[in-house]
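Colleague: Next come the chains, spelled out residue by residue.
2 protein chains.
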Amino acid sequence: MTAPDWISAFPGLKTLEPSVAGPLIETSKVVRLPAGTKIFGPGQAPEAYLMLVEGTVRVQQVSDTGREIVLYRVSAGESCALTTACLMGYEEYQAEGIAETDVEAVAIPRGTFDDLIARSAAFRKFVFTAFSIRITNLFRVIEEIAFSRMDVRLAQKLVELGGVSGHIDLTHQQLAAELGTAREVISRLLNEFQRRGWITTSRGAIDLARPEALRQLAAAP
Amino acid sequence: MTAPDWISAFPGLKTLEPSVAGPLIETSKVVRLPAGTKIFGPGQAPEAYLMLVEGTVRVQQVSDTGREIVLYRVSAGESCALTTACLMGYEEYQAEGIAETDVEAVAIPRGTFDDLIARSAAFRKFVFTAFSIRITNLFRVIEEIAFSRMDVRLAQKLVELGGVSGHIDLTHQQLAAELGTAREVISRLLNEFQRRGWITTSRGAIDLARPEALRQLAAAP
DNA sequence: CAGCCTCTGTGACTAGGTCACAGACCACTC
DNA sequence: GAGTGGTCTGTGACCTAGTCACAGAGGCTG
Chain A
421 MTAPDWISAF
431 PGLKTLEPSV
441 AGPLIETSKV
451 VRLPAGTKIF
461 GPGQAPEAYL
471 MLVEGTVRVQ
481 QVSDTGREIV
491 LYRVSAGESC
501 ALTTACLMGY
511 EEYQAEGIAE
521 TDVEAVAIPR
531 GTFDDLIARS
541 AAFRKFVFTA
551 FSIRITNLFR
561 VIEEIAFSRM
571 DVRLAQKLVE
581 LGGVSGHIDL
591 THQQLAAELG
601 TAREVISRLL
611 NEFQRRGWIT
621 TSRGAIDLAR
631 PEALRQLAAA
641 P
Chain B
421 MTAPDWISAF
431 PGLKTLEPSV
441 AGPLIETSKV
451 VRLPAGTKIF
461 GPGQAPEAYL
471 MLVEGTVRVQ
481 QVSDTGREIV
491 LYRVSAGESC
501 ALTTACLMGY
511 EEYQAEGIAE
521 TDVEAVAIPR
531 GTFDDLIARS
541 AAFRKFVFTA
551 FSIRITNLFR
561 VIEEIAFSRM
571 DVRLAQKLVE
581 LGGVSGHIDL
591 THQQLAAELG
601 TAREVISRLL
611 NEFQRRGWIT
621 TSRGAIDLAR
631 PEALRQLAAA
641 P
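The listed protein sequences derive, respectively, from chains A and B.
In short: position in the first sequence from 1, add 420, done, that's our numbering.
In short: position in the second sequence from 1, add 420, done, that's our numbering.
Please note: incorrect hints may appear among the correct ones.
If chains are identical, the list can't say which one is meant, so a pair holds when it fits in one copy or spans any two.
[Said to hold, decoys possible] Straight-line distance between alpha carbons at most 16 Å, and here's what the computed EDC-like set of lysine to aspartate or glutamate pairs gives:
1) LYS577 / GLU437
2) LYS577 / ASP627
3) LYS577 / GLU467
4) LYS449 / GLU474
5) LYS545 / ASP627
6) LYS449 / ASP589
7) LYS577 / GLU598
8) LYS577 / GLU564
9) LYS449 / GLU563
10) LYS545 / ASP535
11) LYS449 / GLU580
12) LYS434 / GLU520
13) LYS577 / ASP589
14) LYS545 / GLU612
15) LYS545 / ASP534
Derived by calculation from the structure, the hints in this document are not laboratory data.
When you get a sec, could you build the whole thing from the sequences and use the hints?
Modeller: Here's what the structure looks like:
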């Protein structure tokens, strides 16, 4: 059996020993999920360790008042550490994972996962790295929520999302969910940015007119 | 070599195979740190995997304006997952770990750690569990910071700290650090609780007069 | 007792979250 | 082209939380 092409999507797995890659390839299945699928969440847990080949998964929390906050995204080439924690089932948690795009993932059954962890240093490193990165990331999220001003966080987010084109296709509500705040707050801040000539807004979209001004605010102490 | 008494402090390690427990015991060192020691933090990383035999370690973040927030505590019988993430060094993070009491810990050198992970399912489970619990915990912290009212969070914390005696030896400043808010906010809320007859306060201490009332507020939606 | 440090209380102000509601924009149908 | 319903945005009023400045109170030490 030759390695299917998905394995090349994971830089961390290139160095897998053949005796290890064999079972991995044989027992794991490629699954496809349409955009919008709730992959895990309260009352819905996966039965396998998932590694993303294609697409992105958004992990978020929802409050009982309906406010949302995006904790992080898992993108192609990464494993979903949360699924692992979920798999182990040591404690309940109520975040949810949602396919943002059509998603292609490799599902590794629990038995194979345990076996690979036991036998392959490369695979262990791959899994542990994912865990570490997640924890690090959550630390940053906590720091921002707890200590950063909302205008600074919004400016950061706009710069991040604007990319090269400076065009962002998101509603105020979606931006609010990214930052864990209310839609009205985003609307007011965007108005202020627009008043200063930093952005232009239209229904469901934002264009960055002066990204460098946003960047400067984003870097504020 | 017989097992030293520290190993009995870790329920997760009782079932270790002798061939695994041997190297663990031989190469690891018991270290003692006085209360207040900064175990890790910006510019100070540990060189070994740490498991706490005695005492507690507080992991917290400090903002540039001086506000603090306690993320979690590691207590006796637990391993410091953060140290692991730190060890792996895949990314920087700037939380700090501080010995709250005098601490006795077992330091496992990196090589032994890797070896144990490779050879012992029990040890792997021990380490992964610590990771999972931490991630779960951080999720809860984020949810509370992002979505919960401060009076509810304070009531929860008071009930949690009050224990059976209902007596708490903390200053307003220390409570503020627990919850990641400002001292004045705590002072005002405590005044309000006292006005309602739920608590009595004195310099550096709080007594719960009606814990059930606090519990009810803490359980608020 | 005086001096000093820590802890607590308070008013004024700003930022952020909630609520209610009014328009504006868009797609679709008739 | 007019009507209709759904989504998106704007706004005022109000409340909670965080910041700043400063005043006392409590407790310890020389």
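Colleague: Each hint: holds or not?
Modeller: Status of each hint after checking the structure:
no.: 1; hint: LYS577 / GLU437; in the structure: neither (41 Å within a copy, 50 Å between copies)
no.: 2; hint: LYS577 / ASP627; in the structure: within (13 Å within a copy, 44 Å between copies)
no.: 3; hint: LYS577 / GLU467; in the structure: neither (34 Å within a copy, 35 Å between copies)
no.: 4; hint: LYS449 / GLU474; in the structure: within (14 Å within a copy, 45 Å between copies)
no.: 5; hint: LYS545 / ASP627; in the structure: neither (41 Å within a copy, 49 Å between copies)
no.: 6; hint: LYS449 / ASP589; in the structure: neither (34 Å within a copy, 56 Å between copies)
no.: 7; hint: LYS577 / GLU598; in the structure: within (8 Å within a copy, 28 Å between copies)
no.: 8; hint: LYS577 / GLU564; in the structure: within (12 Å within a copy, 22 Å between copies)
no.: 9; hint: LYS449 / GLU563; in the structure: neither (38 Å within a copy, 34 Å between copies)
no.: 10; hint: LYS545 / ASP535; in the structure: both (14 Å within a copy, 13 Å between copies)
no.: 11; hint: LYS449 / GLU580; in the structure: neither (34 Å within a copy, 46 Å between copies)
no.: 12; hint: LYS434 / GLU520; in the structure: neither (27 Å within a copy, 44 Å between copies)
no.: 13; hint: LYS577 / ASP589; in the structure: within (13 Å within a copy, 41 Å between copies)
no.: 14; hint: LYS545 / GLU612; in the structure: neither (46 Å within a copy, 51 Å between copies)
no.: 15; hint: LYS545 / ASP534; in the structure: both (14 Å within a copy, 10 Å between copies)
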